Amino acid sequence: MAEYLVLIYEDETSWDNVEPEMLGKILAEHQAFGEHHAKVIRGGNALQPTSTATSVREESSGSYTVTDGAFAETKEALGGYYLIEAADLDEALAVARDVPAPFGGVEVRPIRTFD
Amino acid sequence: MASSVEAAVADAHRREWAFVLAATVRVTGDIDLAEECVQDAYARALTSWPNSGVPAKPGAWLTTVARRRAIDLKRRGSTHDRSMSLLVRTTAKDPDEMEIDVEANGGEVADDRLRLIFTCCHPAIAPEAQVALTLRLLCGLTTVEVARAFLVNETAMAARITRAKKKIAAAHVPYRVPSVEELPARVDAVLTVVHLMFATGHTAPAGADLIRRDLVERALDLGRMLHALLPDDPDVTGLLALILLTDARRPARVDGRGHLVLLADQDRSDWDHSVIGEGVTLVRDALKRRPPGRFALMAAIAAVHAEAPSWNATDWREIVGLYDLLLAIWPSPVVALNRAVAIGFADGPEAGLTALDALATEPVLAAYSYLASSRADFLRRLGRVAEARLAYQEALMLSENAVERDFLEDCLLRLDG
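Chains A and B are the protein sequences, given in the same order.
Quick note on my numbering: the first sequence kicks off at 1 and runs consecutively.
Quick note on my numbering: the second sequence kicks off at 1 and runs consecutively.
No lab work stands behind these hints: they were computed from the structure.
There may be inaccurate statements among the hints.
Pair by pair, the computed Cβ-Cβ distance ranges are [as the list claims (entries may be wrong)]:
#1 B:A206 / A:S14: 39 to 45 Å
#2 A:D98 / B:L46: 51 to 57 Å
#3 B:R14 / A:G34: 51 to 57 Å
#4 A:T50 / B:A206: 39 to 45 Å
#5 B:T203 / A:L83: 46 to 52 Å
#6 A:G34 / B:P363: 40 to 46 Å
#7 A:L47 / B:A328: 43 to 49 Å
Here are the simulated DSS-like cross-link-like pairs (lysine-lysine), alpha carbons at most 30 Å apart as the crow flies [to be verified]:
#8 B:K167 / B:K74
#9 A:K39 / A:K25
#10 B:K167 / A:K39
#11 A:K75 / B:K167
#12 A:K39 / B:K166
#13 B:K74 / B:K57
#14 B:K166 / B:K74
#15 A:K25 / A:K75
All figures in this text were calculated on a predicted structure; none of them were measured in a lab.
We treat Cβ as the ideally placed atom computed from N, Cα and C, and that holds for glycine.
Produce the complete structure using the sequences and hints provided.
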């Protein structure tokens, strides 16, 4: 069995303007997704928007710079993730298709292991 | 003797590579290791066949040798841990069980080739890498040959293939025939790759030759292989028919001096009529499914041309009707362009020009020399010489194929003459 991280990328401005009924509907969809795929989900979270992000970089001098904001400013930003288990990419994609992402889509990344 | 053995090995390379590699991947679970073992087996054939004679079933001989080599390497543990490039985790069995009688497992081995091509043409792999991997793993072309076929530099092609193989291993792109629900979409992806390979070979987008025989023949081999493995799939049948019916014209497409000869001017007695017969039978079969798929329709269009006794006797109404059906299921700008050209022959150059001009703003066609060269031809027929000249010049700017460029320059000269 392999593990994959399903990264949810969505348009943050759509999230900022979401109506309460719509928000309730999306949360219910995540709930349903979680129950339907409970056997293969190893974890997952929603993230606060990139406006709350802080980036930390080590400089060549060895000191650290701390800056407000995400690493890259993009229209669609990482907003949440699921960690799932699957036998192969096709199985992982079948689960990924069910992840609710009304304002964008998901990216599937295999988890790297070091042995 | 030596040369006949070399010819037998070359023939086995062409015919059996996919069979041998696919069967070996099952043992190694690793594409790179399987490729190494299969290359070893072909090298071994060159030294042992002169003494032992060419075996009755070269593919079975090569598979047995390649698999034995893979088992040896696994037993010795000399393959270290290649977990990064492991492809088939689920089938990694005890090597002792792997001494499989290849012939008794003919059916399974046939499936292995399908598994391999579905892996190469998985939608998670970039399209240009799908074609490269298919040529490399199914057709046994070296990276240098694949690079040459697509006029890409060798380093770039090697990087493309390596990246795709790493992704197959790291993301666990499966080595299996897709489920029934997924099958139509996945077969379509495979056919798209084979069709692109054929189209690239039929009229090379750039370079000195009009036709890249290597690509055309590999595409034909793959078309035949797929048809043998999936005989009831009408899209597979349609693609094989399309390749046969189009390629049957090959002997007439270039004259003795290497110059392009248009369909209108080709000597139809030079066409390969036995290939046309085979293609026509297949296209009838492919058209039985309603509604017909895109390859069946494209093949049907090629069949109308192939069966017409002359250019003037071509049933252009039938061709326009088939393009209408094709455009409905496959609304591609290139199909629309071909339909517009057919209208020009069915209803005259004025109608053709109107149909072409409706496509002038299509971004995909902006860099496509056929739009300009087709306009030029209709303008010439209408006696609008100055506009025809501009259109030919535009086509020349867009074509990078030497044979096509010569043809267009010739058209310009004749316009003034």
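field: Range hint compliance [Cβ, T50 of chain A to A206 of chain B, 39 to 45 Å]
entry: holds, 44 Å
query: Honestly, do R14 of chain B and G34 of chain A meet the 51 to 57 Å range at C-beta?
result: Given a distance of about 52 Å, which is inside 51 to 57 Å, the answer is holds.
field: Pair hint outcome, K25 of chain A versus K75 of chain A [Cα-Cα no greater than 30 Å]
entry: The hint holds at about 23 Å.
task: Would you check the hint for K39 of chain A and K166 of chain B, treating anything up to 30 Å between C-alpha atoms as holding?
output: With a Cα-Cα distance of about 28 Å, the restraint between K39 of chain A and K166 of chain B holds, given a limit of 30 Å.
task: Could you tell me whether the CB distance from G34 of chain A to P363 of chain B stays inside 40 to 46 Å?
output: 43 Å Cβ-Cβ, so the 40 to 46 Å window holds.
message: Between the alpha carbons of K74 of chain B and K57 of chain B, is the straight-line distance 30 Å or under?
response: holds, 26 Å
field: 30 Å limit on alpha-carbon distance, applied to hinted pair K39 of chain A and K25 of chain A
entry: Given that 30 Å is the threshold and the Cα spacing comes to 23 Å, the pair holds.
field: Distance restraint between K75 of chain A and K167 of chain B, which requires alpha-carbon spacing of 30 Å or less
entry: The given pair, whose Cα atoms are some 27 Å apart, holds under the 30 Å limit.
Whether the CB-CB distance between T203 of chain B and L83 of chain A falls inside 46 to 52 Å: Between T203 of chain B and L83 of chain A, where Cβ atoms are some 48 Å apart, the hint holds.
message: Just to be sure I understand the hint, the distance between the Cβ atoms of A206 of chain B and S14 of chain A should be within 39 to 45 Å; is that true here?
response: With Cβ atoms ~44 Å apart, the hint holds.
query: Holds or violated: are the alpha carbons of K167 of chain B and K74 of chain B at most 30 Å from each other?
result: Measuring from Cα to Cα gives roughly 23 Å; hence the hint holds.
query: Between K166 of chain B and K74 of chain B, does the CA-CA distance stay at or below 30 Å?
result: holds, 21 Å
Of the numbered hints listed earlier, not one is contradicted by the structure.
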